[in-house]
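Engineer: Which chain is which? The protein sequence lines are A and B, in order. Here my numbering is used: position 399 in the first sequence is 399, and no number is missing along the way. Here my numbering is used: position 226 in the second sequence is 226, and no number is missing along the way.
Worth flagging that the hints you see were computed from the coordinates, not collected in a lab. Hints may be right or wrong, so weigh each one.
[As the list claims (entries may be wrong)] With the C-beta cut set under 10 Å, the calculated list includes, among others, these residues of chain A facing chain B:
#1 Thr38
#2 Leu272
#3 Asp274
#4 Met277
The beta carbon of each residue, even a glycine, is placed where N, CA and C say it ideally should be.
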Amino acid sequence: MEMPMGLPKVFQRVSQTPTNPHAAQTARIFDVADLYRTPVSQGPEVSATSTVPLDEKLRQAYFWIVNTAIISPHYDIEYNEAPPQSFVIGDSKGLLTLPSAQSYSSYVLLPLLTFATRRKCLFIGGPGRGKTASAILMGVIAGYPVREVRRAMQHGQPQMTIADLLGNPLPADLVQAQKMEDIRISWRSWLSMRVKIIDEYNRIPTRTQSALLTVMGDNYAEVLNHIFECPESAWFLTANDDRGGGTYQVIEALRDRIDVVVQALAFNPRFLRDLLMRIEENIRPEDVVPPQIVFTEAEVDRLQEEIRAITVPTEVRRRLEFFISQFELCESAGAQFEYKTKDTARLAGVDPGTLSAQDTGRDRLKDLGCQTTNGLSVRAMMTLLVYAKAMSYFRGNQAIELEDLRQVLPFVLHDKLTPDIEAPFFDAAGNSAYRTDRIGWQRRLFDLACAEYDRLDLDRDDPVATLELEFDRGLDGLTESETRTRLAKIERLIGEWAKGRKLYGHLYDDLLKLKYLHQRYTNYLRWLKTQ
Amino acid sequence: MISARFAQVLRSGRDHFNKRFAAARHSDPQLDWETFTRFLADVVDPLVQAVDLAAPEHTADFATHAYDVGLELATLRLIGTAAKNRAVEAAWQRALPPAARLVAAHPRRALAAISNAAHQLAVNGSTRHAEWVSTVAQLAPQSANLDDWLKVGEVAAWRAGLAHYRSSALTLCETLTEPLALAAVGAPSHASWPKVRAELLANPWHDPANPHPATALRVTRQAGGFRGFGREFSERPVVVAQGEHFVATSGDTSWVLIADAFGATLHRATEDEQAVLQPVSLSAGKVSATGTRVVTGDGEIDLGEFGPITSVAANGTTIAVTAQLTYAVVLIARPGK
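Please work from the sequences and hints to get the whole structure.
Structural biologist: Okay, here's the thing in structure tokens:
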């Protein structure tokens, strides 16, 4: 099949050179077919049989969108190989950094990683900033014709009913049917698509939002006891105002299902010339997506498998554990140790921030947990790991680096970690901007957690990790005396920590872990005695 | 002046063609309209006429794709006055018209493939681009379809000097008919393909067009040269064997050297390849060098013109030598057994 007329090939150029070259690790193979491959694209009939690795194809897609489809990219995901050049600018002492390694635009990269992992991405930002256009691009990259993507897009509006969203019973069946099962449902076509787009989701009425929640959360739709099983898909939602300024308040469970939030940043008028050309030439990026960057269903399946195979080194995982540990503790929320959490306070209808403010003895500026009103859900942690793996995969690596985690973290936790803007941290000099800049705040939060981790020297001196390692070797063949020794070790450690140390989030989780280990050994000891 | 047929196609799609040029000039403000129109008149028009004769039903589509590919070539500076060479234009003018029947229905694929191949051959200084153009033009009538013709082009590229494609090209020959495979490797039409193939596999210095085996050591080729003259080596290289190939090292950089009867190509060595290099030596198995002479069990050869030998490496068919008076690696074919 040849390319249809009217598609300007120069707009469809995809990087032919490796987008993020890594040293070849396999034996050198010279394929004479390379003769015809570059620099001019051979069109879709050849591209369809392309053997480009999928991570490379993903990068090709990213660079095509950044260089061709998006006029004004912002490189806010910064990587450095050497210390970057930085400049302090303005009265607020803003820092402009020129990264020394390949850096990325979150507005393009996060949706693309969402596509690759089949997760859920929310675009936020003012009207007319390209949120919907970017979502449509993702549909086209999934292989759907532009027209089909546009037609399948759900537009949130105050009159939207469940039938509008999911489908209608056939009128004839409604009249003639004797039983519910006899009523056939005409399901809406978007339900079967692998890229689902909900435009202005915060304008959907609350009741319809609940039906949407079932589709988003459980991947099926239900009308009159009939079930439609949806395929696994990537979701792209847009909202002009994510802080509740839509027509309807978005139900919390629906918000919680969203995996990443990306903000459409402002258009830089220095790129107006490109915008003018777009108007004059009447070119829409979604109409000229190069076939080389269109993924088949099987390819996206493979992408997911390959991303899952990215490893998480222990030292990176430990820092993430330490970071997450900071937030759940609310010492005065519970009498029993396990219930000293912000969630306990929240369930009781008490503001955890108010309770935290009553805590005494701890340094509220140093305690990172004081900066948030909540802890992190398991879903958020899983999402964080998936996106960190996807980021590492996108960069052509086999294992996550700490920086991958640091870069994706604020987009995943954007709506998951709520700042307590009354916390002393936000009043400190130079921190007031963090009240409004969630991305910057969460990145700072992670950096502070890592600095504390380094200060405590936990990479080298982590007694809980040592005990955990000991336990992971298994209980098989463990003698009674050895078990008692280990129990004593745990009790001694808790005793040491109890002497005058303030209770911080990471310490709280360490103590609960020690209690877990103690319980496992106690149960084992009890079993040993019955033998 | 352009032909009435091409003019008609351009006229009927005027809006589209103009938009495409404008879009291309947006991303490349240096794009020259005059150069491009000259390419359309001198190169694309004759081709469109050839397609119009061979398959008139495809003329309009072919012309549109030729315009698009031409525009892409112009932005890549592979055609026109800004191009470093005329390889791509020559391929369009001489290789494509005889294949008009084959390329008419798949213009994008064919035009891109031929352009890319012409460019690859041209940028590799040691290849014979004109020979490749001539071969593919000559074998177009014998090719049943575009796939076969493009395969012939791939085999011809190997024979025009891209030695590293040898193994892959020979595999490709297996998918061609016997007459076309023989023609593609330059063997006489009465030869037997299995025999020709076996000889090619056994000896990289075997040329089916000149199948007489050498009986003595002979210098067949020099590979690489001084960077000051646009070649690879900043310092005089030394050479070691690595599997069936050689690795030449100049300064901090190493190059994999692949050579046969049709050419020699150098490829920057990867870190892995550099990590397993053998030590440089003046002897390799039963091959040794003394002064300017190379001595083997098959005989000896004096390389006086290149000066005292600095390194020698050998495999079953080839001896590679470096010397004090040359920046090239001298390749010696061992007599066929």
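Engineer: If a hint holds in the structure, say so; if it does not, say that too.
Structural biologist: Now the hints, each set against the structure:
1. Thr38: 6 Å, holds
2. Leu272: 13 Å, violated
3. Asp274: Holds, because the Cβ-Cβ distance from aspartate 274/A to chain B comes to roughly 8 Å (cut-off 10 Å).
4. Met277: 5 Å, holds
In summary, the one numbered hint that this structure violates is 2.
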